[in-house]
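Enquirer: Single-letter residue listing:
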Amino acid sequence: SPSTGSGPGAQPEWVDCIQASDMCNQNPHCSSRYRVMRQCLVGKEKEAMLDNNRECQAALEVLLVSPLYDCRCKRGMKKELQCLQNYWTIHMGLTEGGDMDDSSPYEPVAPNRHPDAFRLASISSGMLTLAPKGFHCPDAERNCNPCLDAAKACNLNNSCKKQRSSYIATCSKEDPNKGETCSKKRCHKALRMFLDRVPTEYSHRLLFCPCQTEGCAERRRQTIVPDCSYKDKEKPNCLELRKICRQDSLCRSRLADYLVNCWMASSSASTCPNQDNHQACLASYARLIGTEMTPNYVDSSFSNWTISPWCTCKGSGNQEEECMHFLRTFTDNTCLRNAIQAFGYGLDNMQNRSGAVPGTSAMTKAGWDWTTGTSEPPFVAIPKYPEPRDGGLGKTQGLPEDHSTCLCANIWALLPGLALALV
Amino acid sequence: LYFPQNDYVETVYVGQPAGTPILQLHAMLDQDSERPHFYLCWNFMRRPNHISWFHLDVSTGVLSLNKTLEESDFALSSEKRSGVNRKNLLALHAMVLPSTSKTSNCISRAPRITLDFVNATLPTCDRTDMKELCFPHRDTSNPHIMENRFPGALRQLRRLTRLNVCPNYTITYSVESGLPSLRLTHTGSQLVVTAPLDREESECYRLLLVCTVQTESVITKVETSLDVFVNDEDDNAPYVNGTDSVDVVISFNRTKGGSFGTLFVFDRDLTPIYPVDQTHNKYVGTLLNSDPWSDKTFDIKGSFNEKKSPHGGIRETVHNYQLVLKRNLHVNENRTVQLDYLVNDTSYPGVEGTVLLHFNVTIYPYVNVSYSSQVGRVCVENCQQFDGFTVTYRLEVPDRNMSADLQSCYAAIAVTQAPDELYGFLYVNDTDALRRPECQDLQYLLVAQEDHTQQEASTQIHIQLEGEGDKQFLSCARNRWRGDCESAQGLGATSGRCQWRQGTEKGITENYSTCSPDLRTCPDSFCDAVERKDASICPQDCTKETVVGGHELGLGNGIKAGHGTCHCYPEKCVCEKEDIEEVICDDMCKTIIATSLLLSFVVSILL
Amino acid sequence: RRPKLCSVRELELTVSELGLGYESDETVLLRYCSGKCWAHRHNYDITMQHMMQTGFRKKGRKDKVSIVPCCRPTAFENDFSFLDNKSRYHTIQNVSAKNCGC
Amino acid sequence: RRPKLCSVRELELTVSELGLGYESDETVLLRYCSGKCWAHRHNYDITMQHMMQTGFRKKGRKDKVSIVPCCRPTAFENDFSFLDNKSRYHTIQNVSAKNCGC
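Residue numbers (the working numbering), protein chains in the order written: chain A, 1 to 423; chain B, 424 to 1030; chain C, 1031 to 1132; chain D, 1133 to 1234.
Only chain A is shown next, with the shape it has when bound in the complex (with noise of 0.2 Å):
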């Protein structure tokens, strides 16, 4: 297993699950537990079996110690989603409660080598204040359309048209035998397809392009064709979705890229994992498209624009509270609107020339839990109480009874007031 000095320059070479895997099939001690341990996780009942079979337990306790529990796999690697069925094939034992979220099988990626440049120039650009300030279209052009632009050089390029169309088309193509507007499958993998094949300077830019008008955000929005690869009927709940999500390996493999790339647990200095990482964020959402869980702009607005995975909240009965907080690592998310604002400044077309190459060692996942707070920090401290809404101590105390803002843990009422009283 590579090097656990964790300085942050240090480059381990990660081992993939493809080559762990024939390392283990070479070795008769390993090969058998890794069929067993297969075998734990087919069927429905995988949960007993993995808590009371003692030969699964037996396969796991070997396999701990093989070459399989430390692999990775390279993001866009031949033979990703082989790669990703033989990590999960160990890990998916391991995730303790089933509910808890899952570590990337992908490899970690580099800190970002200037983060100071992202928080001053997130700052100074009035990034952090919700309206995109410093993005502006030269005066010359009367109806600048920065989405416009993208696909106007996507389809001077070749191998972006090509890829582009193919998408396209596939997306927008009626399926007659089931008389449905399109194939989602079929669409998913034609989007897949795209992202993966497409240099990301024009995938990017179509996905994340800054917009200042109705018609571009539109646009944006119509990127990724969403009649057919986002919006179905009904709506499920997101943790509904969230589970079905985890059955397949390639669309587990990616949210978990997402949460450790784009999720920052609270009270942290820079608003993204990997030291403002922006890139990595936009890489592992971009990927989460063209999965069950793709996310996509809600609505064309472009001054407060919302990214959502096509799901509710409503019906979670007693797991409400848990499904909010998984919607807004979507909806709420400051790493991923930071990142996608920074994107429209171009800045981050200066980190690529600093060459912030993923794959070095520095594990800086932030140990996130399941908080059900918000990124806020929990306490600092203010002079005066905060103004209690409704005048008196309402049913919740000097806070809005309405139950909902429970959830959307609302900005005032998170500042725990210190106030120096000077005896």
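No false leads were mixed into what you were given.
Simulated crosslink set (DSBU-like; lysine-lysine; CA at most 35 Å straight-line):
#1 B:Lys1000 to A:Lys173
#2 C:Lys1088 to D:Lys1196
#3 B:Lys983 to D:Lys1136
#4 A:Lys185 to A:Lys78
#5 C:Lys1116 to B:Lys1013
#6 A:Lys173 to D:Lys1191
#7 C:Lys1128 to D:Lys1168
FYI, nobody ran anything at the bench for these hints, they're computed from the structure.
Chain A is fixed; fit chains B, C and D onto it per the hints.
Expert: Frame of chain A; chains B, C and D shown alone:
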């Protein structure tokens, strides 16, 4: 017994001595008699090595150090990543049982304790921030309490790992919760609920926790909020708000699958749709006192959705029920039926978990059959509204004992109809017959018969042939220009001549210019029974071939929209702008010409 | 000036400028065939030229015939998809030449 | 009158009348291609027609392009040999069309 919290978070440091308390777990009672017994446990994976470093008090649930944490332990934990694939985070699991137990296998949903193992000693008092003294670093896990349950402590507010860091500070906690039964215990550091809560009253209480740190000279208050959620259980019976019966009248629409009348049943409890196979709050409905005919004919379809109650916005469920036809009703069905439908909330423990709904159904027969006909298309009156029964059209010879020769003339015209269509279509079936002089004037009897009751209606149809019938007709659609079109006799042209439709709009429009056998039925985006007999009758509606030029295909076939003029060859259709009459002189040039004319006029006057 | 031989030419224009009726500001690199094919004539073409000048009139024929091979696409590029100005997707076939020949 | 589609036409004439410069009274059945190819147009042709009318001028191009497939021989008949009026044998290739296409 259940844990109100799924996640516990704390930080441990090298050098902390054995016996140091870290955090306290709490369990809530399902029955008053239960006594929680806390145990560390581990799942199917190996027993984590670091588990021996910790001790969990069986009765108090206080987790403390079993040994002093050494540098070597830190190296060990990051080296082998025992059990957790993230470095320096130690994961433990705990469970609570109603009685003592030897087992170490975790039962399902065992809460997770995540300890951030820092390779440094515990910060001294002067280097400890007030916040650090008061609350755990990232403890944002909100407690969930089941409604209607027994009182009990649900959370230790004090930060046990910092108890003795600043011995001469006094740290006290207070809670502002707006609910008397949610307050601090007498010891002043544990949050307790003293009476059963009711989710239907409030789903969540936002508390303001205030930690006051008093030193010799300064009092500091640190505040943070905590949401305490109240979980739902099925403790409310279904009820009807308003009427529990509805009158349903069935006349024209008698098709299988048709739905009628809606009744609503309310339930103040939740009906989760996740996980999909969830049985909680399952509603079952049964049709009572129904006769065999009703059983074969009617069904009740139920669906539900979640909504927020007007007062307090508490989530509740609304079920709605509709009467559905399981089969088509015959045209002469004439009956009144009362259907009683019992809705049962199967997971409601109480007795009155049911509601009875009443559907009073009246079915009218469909009596009078009269007639209207347009050339090319024939229809029994109101046929557009028929739904659920079928009519078949046929042509009959008015006088059976006419000569065989004359009878053979009547093969010239036939009537057809698509399976799901209610219209009949007259079309030329035998052109040879039409060429014979004696067949130039034909009188038919058109009969419409309802399939089930065999009820009939008939009318006279008089057909005259104009012009010579011997020409080989081609598709009207081939003509690209108006002149050619209106002078051509095309296939399927009911009026004898092809008809030209001139489009007026720019770009790709549904109103494209084209040449058609009958503008009433072609193009109308519907490839009807006659057009289906030969695609060249109306390729605009029926073509499946390639279409060149700007266009939009219809659903399945045909050209829904086209650019300029659409005309079709056997193997392809082309939509293109007519030769654009180049605008010789646009506005700018008109103004120049006008001003120069004016100037020259003025000059000539001056001269 | 030596006449240009039949070859592929390129021109960048918007989809609206293609003249097919679609309204879209997206651009496309249109490849088309232009140029002379005199070098590819056969005896047939010379005969046809002669017939068009005198031959057909003498025989009372009014047929129009081509007297030189024409410069045409020998293959078209893949289908081209785009989003129009009403945010609807379209795909058009055989609009741009991949290569040309006489 | 319905426009004739591209097809093979036949005409009997002497070798001299071919206009290739041979003097021989021998006759030959000349097959040639004539007729419309409008039904074989693609989006390319409609675009070219539009470009020829306005598009090219707006872009400052003067290219000549074909706006409809041309009716041409798709294969020629075998070589044809004859004795000229000075008793010498000649053989000519690719003078008569075997079949035609757009």
